[in-house]
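J.: What follows is each chain in one-letter form.
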Amino acid sequence: MSMQQQVLPLPGVVAPDTGHYRGDHLLVAEMVERGSKVLDVGCGEGDLLQLLETRGIDGRGIELSREGVNRCVAKGLAVVQGDADTDLINYPDDAFDYVILSQTLQATRQPRVVLENLPATWYDTPNIHFCTIKDFVQLCDEINVKMERAVALDMYGRPLRVNLPWWFWNMFGEQGVFLLSRAEKGK
Amino acid sequence: MVDLQSIPSPATHTEDRAHEADHPSSLLARFGPDQPLKLDCGIDLAPFQIAYQTYGELNADRSNAIMICHALPLDQHGANVHPLTGKPGWWEIMVGPGRPLDTDKYFFICSNVIGGCMGSTGPASTNPATGKVWGLDFPIITIPDMVRAQAMLVDRLGIDTLLCVTGGSMGGMQALQWTAAYPKRVFSALSVATSTRHSAQNIAFHELGRQAIMADPDWHHGRYFEQGTHPHRGLGVARMAGHITYLSDAALHRKFGRRMQDRELPTFSFDADFQVESYLRYQGSSFVERFDANSYLYLTRAMDYFDIAADHDGVLAQAFRGIQTRFCVVSFTSDWLFPTAESRALVHALNASSARVSFAEIETDRGHDAFLLDVPEFFDISRAFLQSAGKARGLT
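Protein sequences, first through last, are from chains A and B.
Last residue of the first sequence: 187 in this note's numbering, with the numbers rising by one and none dropped.
Last residue of the second sequence: 583 in this note's numbering, with the numbers rising by one and none dropped.
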């Protein structure tokens, strides 16, 4: 994919390292505070978790595919095999500072339910292919989720200018990276 | 005419076994009357001893010690030639220089469990109060009792916190019990093919094994050593039944199918016509060379009683509340004795406790025994988990 190997100049990410990571991962890593506790839902083979751990973040993962999980565990990452649609309920509320849904939400059967059940006050959702970016903004409104930050990436993994209108993002945004918070806790 | 066959008696090893129970070919930690082992049944066991093996070197700040806990039919000889059988250690494939449990990096302790028969105090040991073998006078022991004894051994070795506690099956139960009983003394735990409680099906299989032993006329209500006998047929049958549960239908089929043993046609008898029968009889007869029948009764009982949640108001997550230990939980797809669902229940409880846990289910058709076999994916995961734990603990 075009976004692979994209280098973004992000604060806190050591320059020689950035080349190994995906643009959206670097963007997410930049949004997560050091020292925080993170759950990466649908963590794949653990690339983002590895990036987060280099930044002193306590990362945990949940992944549907057994092969993905075992590769993560073989990298020393704390990842368990599980299903975002059913297993998030096992985690206590507020166990994590951030929950990351990196290219995961569009693969779930019930994106709205997954969003509503996230065991944290904050979460992040890049790459919204399942719907248009505008649809996603509307969904967040409906379930009382506040959008703290939003960045759209173009087909080359480059961030689009932030002051552009939604319709422009919808047309040219290939991925969206959103930092969300639950407007009303315990909902 | 019907040809009746049963497991042959390996009479040659009886004396060796008896000697090994009191004077093991191992390192030995003796605990006197002032240091009793406080058993769950309410009895203070004293004096008692623990036979153990070590591999690798303890580093200067004593931070690289790993406890290996053995499974029911095994012992402390995990990575050395067995003194009775002359066979390689049961985990030599895992433990050694450059192996996943790397003796170049870590210091391993593997002790015979309390109630065992290879030198730690158990029913085959001599009761110092009577000068006779304990037999069924030995108190009932539990998995927490085994772990309490191991903690006393670790104290004796001057080690405060273990880098890791690991084991499969009954060994995995001990590893989990370590984390529940001594969370601050266990930096990480690698629990393999195990459960936080013994299932009804597993208790049933153990009862089958115990009944086989007790039905053997040579058992003499547990006092066979005074009669100069050993219930080798009963223990052999118990081992055969147990061994079937360690395998899988697919593994048995792949290994033996319906192939005949050294013959092309059925003999129309109860001889071991099939290879699988011959294999099981061999497993039975070789087991009785190195294992004490009463010890088998005690250890199966200890597993049956194991239920971590029951000790914490029935709530498993309660056992791990606030725990800082790093967990790696491994199960195998074809293990029907300790199926993945058991490991998953443990993982859910650990998640609910916000513990740092990795969980991998490994695809293999080799059944419960997979943790003792050459399964590269399991090796990779074990190696990486220990490396990551070592790194977090500041090992170089």
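The set of hints was computed from the structure by calculation and includes no laboratory data.
A virtual CB, placed ideally from N, CA and C, is assigned to each residue, including glycine.
One or more hints might be untrue.
[What the hints assert, rightly or not] Computed list of lysine-lysine pairs in BS3-like fashion (alpha-carbon distance at most 30 Å, straight line):
id	chain 1	residue 1	chain 2	residue 2
1	A	K37	B	K578
2	A	K37	B	K371
3	A	K134	A	K146
4	B	K578	B	K274
[To be verified] Computed footprint of chain A on chain B; a stretch qualifies when at least three of its residues, placed anywhere within it, have a C-beta under 8 Å from a C-beta of chain A:
id	stretch
5	206-215
6	541-554
J.: Taking the hints in turn, state whether each one holds.
T.: Verification of the hints:
1. A C-alpha spacing of about 19 Å is found between K37(A) and K578(B), which places the hinted pair at or below 30 Å, so the restraint holds.
2. A hinted pair counts as satisfied when its Cα atoms are at most 30 Å apart, and K37(A) with K371(B) qualifies at roughly 21 Å.
3. Distance restraint check for K134(A) and K146(A): the Cα-Cα separation of roughly 14 Å lies within the 30 Å cut-off, and the hinted pair is therefore satisfied.
4. Restraint check for K578(B) and K274(B): the C-alpha separation of about 35 Å exceeds 30 Å, so the hint is violated.
5. Against chain A, the stretch 206-215 of chain B contributes 0 residues with a C-beta closer than 8 Å to a partner C-beta. That does not satisfy the three-residue criterion, and the hint is violated.
6. Three residues within the 8 Å Cβ limit are the bar, and the stretch 541-554 of chain B against chain A gives 9, so the coverage statement holds.
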